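**Student:** Sequence:
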Amino acid sequence: MVDPRTAVVNSNGGWCWFQDERALVDPGSRRLLLGSVASVAGAEGDRRGGDVDLTIVDLDHLGEDPTGQGVDPTRPGAAPAATSGAATGPGVDPAARTVTLHPGLESDDHDNPALWHRDDGRWLAVYSRHKSDDRTRWRVSEVGDPTRWGPESTVDWRGLFDSPEQARELGGGRGVTYQNLHRLDGVLHCFVRAINDDPCYLVSHDDGDTWTFGGRLLTREKIGYVNGYARYASGNRFGTDDRLDLIITEHHPRDYGTSIWHGYLADGHLHRSDGTTVGELGRSLVEQAPRAEDLTCVFGHGSTWDGAVMTHAWTTDLRRFPDGTVVALLTARADDTLGTKTDRSVLDPIDHRFFRAVLPAGAEQWDVHQLAVAGPQLLPHEEDYTGLGTLDPEDPDALWLSTVLDPRDGTALPRHEIFHARTEDDGLSWTWAPVTEDSEVGNYRPIAVPGAHDLSVLTWYRGAMSSSQDYDAEVVVRVARR
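One point on numbering: in the UniProt record's numbering, the residue at position 419 of the sequence shown is 419, and numbering is uninterrupted.
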């Protein structure tokens, strides 16, 4: 079998980067599950635009179709028909099947589902609209069959308030966004940006069949669009659920000079990196929650690196490994002149940089190194969007980046390409290898998928993007032996 193998698995899909896990591999069945949202600007956008999709990929047979003609639903072993909006057809690999969890929810990549593989063999998918309503939605699959799903259920966050006046006072009714699924101390948590646009969470004692309000995690007075952007990491993949790490900004980097802060949840409390207790978990609607600044500063707005001043940091990826090491990917602007100006109709290119931060097991301080140049903003009206990157979930010393500047020599590239990197000296130097080259379209937002310990599974989407709502992109999966 050819190694690596790369194939298109969905003709219309994209995702944001603040939901997890966005993709998982079931090691027993060797199937990849990958969530995405179809855009009105993509393939069959008039029919599929706004569909919240789930693509199921047989990794052992990916890339075997020599014709590239797509799935033949009559072939032996073909999956049952999708609930709606199946993304099959010319160019889609026959090892992939796409089912639609919610047709026409919203043409917006922020609506991407978070996935969880339950102990009973069922799958859980949780998703929401992008701040346009207050509902967290979820569906549960049949046992062992992620192509068949039960009915959609919802939590309406507006129901937490005693009155409309209380909702206004506490910042309710502003919409919810992003779902992140992790088990902590035996209880499944779903972290959501919700009340006052702060990180809050739901809890489930039945592995996602039902949900109740768990508490408010952090809060801050609103400045600009929303409050902090969080990434979460746990040891769930390795069978441990006694700690959950997070990194977060104070606000959106276009509205504020953001830094990156770290804390972790354990023993019913929120802690700083050094173990200092910040406060108890399970805060009610009316109890005051801590601020991001009560946590440990990982990367400071205004810090200097190689003679350049770094500002407007943003969270990109976070992983915790079996020995307790925590690794983060970050971005920041270098020598920025834009600041937080509200008129962003005409922008000069902004120099963005990638950073890697490591909290070794048992350490109290983060070790941070500049990683690579990310290039100018991805979109004119989103001055902090980059091609992004992803950490290898099986190897803390490896990662992938999407960039328009070759990290090997700084050469400008015609469009975003993906590079693999590995370090042998704790991040002081890196060996880079291209994953894509001479591409006709840009390659964005790679995800290194956890679950297949003997395989390296990478997915990304490639095409054209004009906004988070309008993109013409197809989803690609690459599989290689480790």
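Please keep in mind that the hints were generated in silico from the structure rather than gathered at the bench. Everything numeric in this text was worked out from a predicted model, so none of it was measured. Mixed in with the good hints there might be a few duds.
[Unchecked claim] Cβ-Cβ distance ranges computed for the label pairs, FRET-style:
#1 187 with 414: 17 to 23 Å
#2 347 with 187: 40 to 46 Å
#3 360 with 225: 21 to 27 Å
#4 166 with 4: 53 to 59 Å
All residues carry an ideal CB built from backbone N, CA and C; glycine is no exception.
**Student:** Against this structure, judge whether each hint is valid.
**Tutor:** Evaluation of the provided hints:
no., hint, result
1, 187 with 414: 17 to 23 Å, "violated, 49 Å"
2, 347 with 187: 40 to 46 Å, "holds, 45 Å"
3, 360 with 225: 21 to 27 Å, "violated, 35 Å"
4, 166 with 4: 53 to 59 Å, "holds, 55 Å"
Of the numbered hints stated above, those contradicted by the structure are hints 1 and 3, listed in ascending order.
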